[in-house]
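Same order as they appear, the protein sequences are chains A and B. Residue numbering for the first sequence follows my numbering, beginning at 1 and increasing consecutively. Residue numbering for the second sequence follows my numbering, beginning at 1001 and increasing consecutively.
Honestly, the hints are just simulated from the structure, not real lab data. For clarity, every value in this text was computed on a predicted model and none was experimentally measured. Don't take each hint at face value.
Selected chain B positions facing chain A (Cβ under 8 Å, derived; list incomplete) [what the hints assert, rightly or not]: (1) 1029; (2) 1157; (3) 1239; (4) 1261; (5) 1266.
Heads up, the beta-carbon is just placed ideally off N, CA and C, and yes, glycines get one too.
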Amino acid sequence: MLAPGIGLIAVFILVPMALTVALAFTKWSSQTPFSTATFIGLDNFAEIFGSSSVGRDFKGALINTALYALLSIALILPLSILFGMLIHQAQLRGANILRTILFATYMVPMIAVALVFSKLYSPSEGPFNQMLGWVGIGPQPWLSSPDTALVSVVLLNVWQQVGYFTILIIAGLTQIPPSLYDAARIDGARGLNLFGFITLPLLRRTLLFSAVIALINAVQVFEPVALITQGGPVGSTNVMTYYIRRVGIERAQGGLGSAMSVTLLLALVVTVTAVFALARREPQR
Amino acid sequence: MSARDITIAPGAASPAWKALLYLLMIGIAVASAFPLAWMVLSSLKTPAEAMQTPPVWIPATPSLDAYSKVAELINVGRSFANSALIAGVTTFGILVTSLMAGYAFSKYRFRGRDALFAITIATMFLPPIVTLIPLYRLVGSLGLNASLVGVILPNLANAFGIFLMRQFIAGVPDELLEAARLDGASEMRILFQIVAPAVAPALAALALFAFVYHWNSYLWPLTVLQGNSDNYPIVISLSRLLSYNRSAVNTNLVMAGATLAVLPPLILFVFLQRFFVRTITASGMTGQ
Chain A
1 MLAPGIGLIA VFILVPMALT VALAFTKWSS QTPFSTATFI GLDNFAEIFG SSSVGRDFKG
61 ALINTALYAL LSIALILPLS ILFGMLIHQA QLRGANILRT ILFATYMVPM IAVALVFSKL
121 YSPSEGPFNQ MLGWVGIGPQ PWLSSPDTAL VSVVLLNVWQ QVGYFTILII AGLTQIPPSL
181 YDAARIDGAR GLNLFGFITL PLLRRTLLFS AVIALINAVQ VFEPVALITQ GGPVGSTNVM
241 TYYIRRVGIE RAQGGLGSAM SVTLLLALVV TVTAVFALAR REPQR
Chain B
1001 MSARDITIAP GAASPAWKAL LYLLMIGIAV ASAFPLAWMV LSSLKTPAEA MQTPPVWIPA
1061 TPSLDAYSKV AELINVGRSF ANSALIAGVT TFGILVTSLM AGYAFSKYRF RGRDALFAIT
1121 IATMFLPPIV TLIPLYRLVG SLGLNASLVG VILPNLANAF GIFLMRQFIA GVPDELLEAA
1181 RLDGASEMRI LFQIVAPAVA PALAALALFA FVYHWNSYLW PLTVLQGNSD NYPIVISLSR
1241 LLSYNRSAVN TNLVMAGATL AVLPPLILFV FLQRFFVRTI TASGMTGQ
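If we strip away everything but chain A, and leave its shape as in the complex, we get:
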């Protein structure tokens, strides 16, 4: 019963995972068999954290990815709480239609999202700058300036993903017994008190889970960068998935790329562990 599923996962995920770790300490071209890899100790790690151009680009990608993830989570979580409460608790007609529209964006292939937003962002022919003009805000450079490109990619990611997280929040909200709100209301709690003392604390686990998923998703951003910005302008959208693939597959520097993958994985494990530790330390209300 277990053999097909676990076998496939072992061969195509666990074995490559172990290989990534092993190859990180070797010089190896990904165009040649694994047997051609030669052990070079920590040289790859020295290079990606060193001052060469690879080191510069890698550290840039690490910082960009962290920024991208942080911004995505900081926008997605509050929005999905707001949307979730609006759909689940506000008792509005048509709330289900809103839920459908929101979730539908999650079904759209990222490549299409990237293509459409590259047009929406277009400085002269795009509707975004036109709409900003209506409210008296000057045109923005969006994807074409190093100052705004990463944020622009974050925004299209938020647009695509917020519906999925809204569904997660709604699932969390359905777990909160209505009697809690009734009891609190009898005690005189209103408005923000209800939100702060009941909704938010009881959504803690859902929010924690959502933050972790949003982080893992954010690390995977690829299509808008590969297709529209190619990591630019001036490296401002150079992110991990894009850069690791570029080094490890396109330039065939498999050992170097594997060292980057291992670093990314360690960074993720440390971050997730820290988030969980922090969440546990904070007293339960």
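Got chain A; can you put chain B on it based on the hints?
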């Protein structure tokens, strides 16, 4: 926002507050739908309209020219067939492997079960890029580079499916399985004739998740197909329109291509969304 009248007891909200919430709701719906609406509208524009500054929102004479031009530039039929094959076969594989492993994890007792399950679940949180480089070589050494089999094979099982099936199969009563065993039914028969129908809604949801995910998937097919455009799924064929993306004249072309790629997953979703929502809610995917 204030949660003053976000209330479980109906009738407490003031009309003004309620009106504000409706406005907010409509605003969110419009913002959410706008990019897709703009995509479809732009695909119907003439090249001249696509170039205008400030942009024209609604084409004066909607035309399907862009779609026929796309069909000249990329082999739409072939790309769709590749996408359907990749997503279809992968989905079928995921259903079978997830049912089997989920059944074993929830109904069998064996040494090391929980540890094995924990390792399986851990792979769910692994970003694909972390294993991409060796996987690319591994599939290459099997002689599967540039082939559809190479795209499909590594994805025939996944932790999410196994997790989901374990959650739902746990709810199937053991007495039902025991009764079938007493009647001499084989384990495979029990799985596919008793367990599978009992978890049909969750299977439907998993099928949709898997199909849409693998229809949309970009990184792996791009890597393994290595420029063999005969085997490109539609999402990768689309990138061939990119050389046209530089000039605004061709916006209608690019948007027509994007519309084509979006339609199948979106149509599937509209018809089957109730399974998605119910399954996410019921699967414990919320950390509860």
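Numbers of the earlier hints that this structure fails to satisfy, in rising order: none
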